[in-house]
Amino acid sequence: MRWNSKPSFRLPDGGALAARRMLRGRGGYPLVGTKVDKMLKLNDCGFNGMLLTWIKFEEEMQEFMTDIYPLLEQAGVR
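For the sequence shown, my numbering assigns the number -8 to the initial residue and increments by one for each residue that follows.
Be aware that one or more of the hints could be misleading.
Okay, the calculated beta carbon distance ranges per label pair [to be verified]: (1) G24 x Q53: 27 to 35 Å; (2) W45 x R69: 13 to 21 Å; (3) G24 x E64: 15 to 23 Å.
In silico SDA-like pairs for lysine to any residue, Cα to Cα no more than 20 Å straight-line [as the list claims (entries may be wrong)]: (4) K32 x P21; (5) K47 x T57; (6) K29 x R69; (7) K32 x E49; (8) K47 x L8; (9) K47 x E64; (10) K47 x Q65; (11) K32 x Q65.
Hints are computed from structural coordinates only; laboratory data are not their basis. Each residue gets a CB set at the ideal place from its N, CA and C atoms; glycine is no exception.
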């Protein structure tokens, strides 16, 4: 994802809770629902990368590659 030094969207707590959770290894910011929209909002906040994990790896990785990644490319962040 590209770096955005002037975010147009901010998480309610400025991302502090997500950062604390990531540092503690307790998860981060869940991408439930419209995943692409949430990824784009994180990009707008200045996040330039993310680590994704899946419970059903093969199934969910396939969904990411066929449904989500192309939309990220269209949005210009990949």
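To see whether the hints hold, each was checked on the structure:
no., hint, in the structure
1, G24 x Q53: 27 to 35 Å, "violated, 19 Å"
2, W45 x R69: 13 to 21 Å, "holds, 18 Å"
3, G24 x E64: 15 to 23 Å, "holds, 21 Å"
4, K32 x P21, "holds, 13 Å"
5, K47 x T57, "holds, 16 Å"
6, K29 x R69, "holds, 15 Å"
7, K32 x E49, "violated, 26 Å"
8, K47 x L8, "violated, 26 Å"
9, K47 x E64, "violated, 24 Å"
10, K47 x Q65, "violated, 26 Å"
11, K32 x Q65, "holds, 15 Å"
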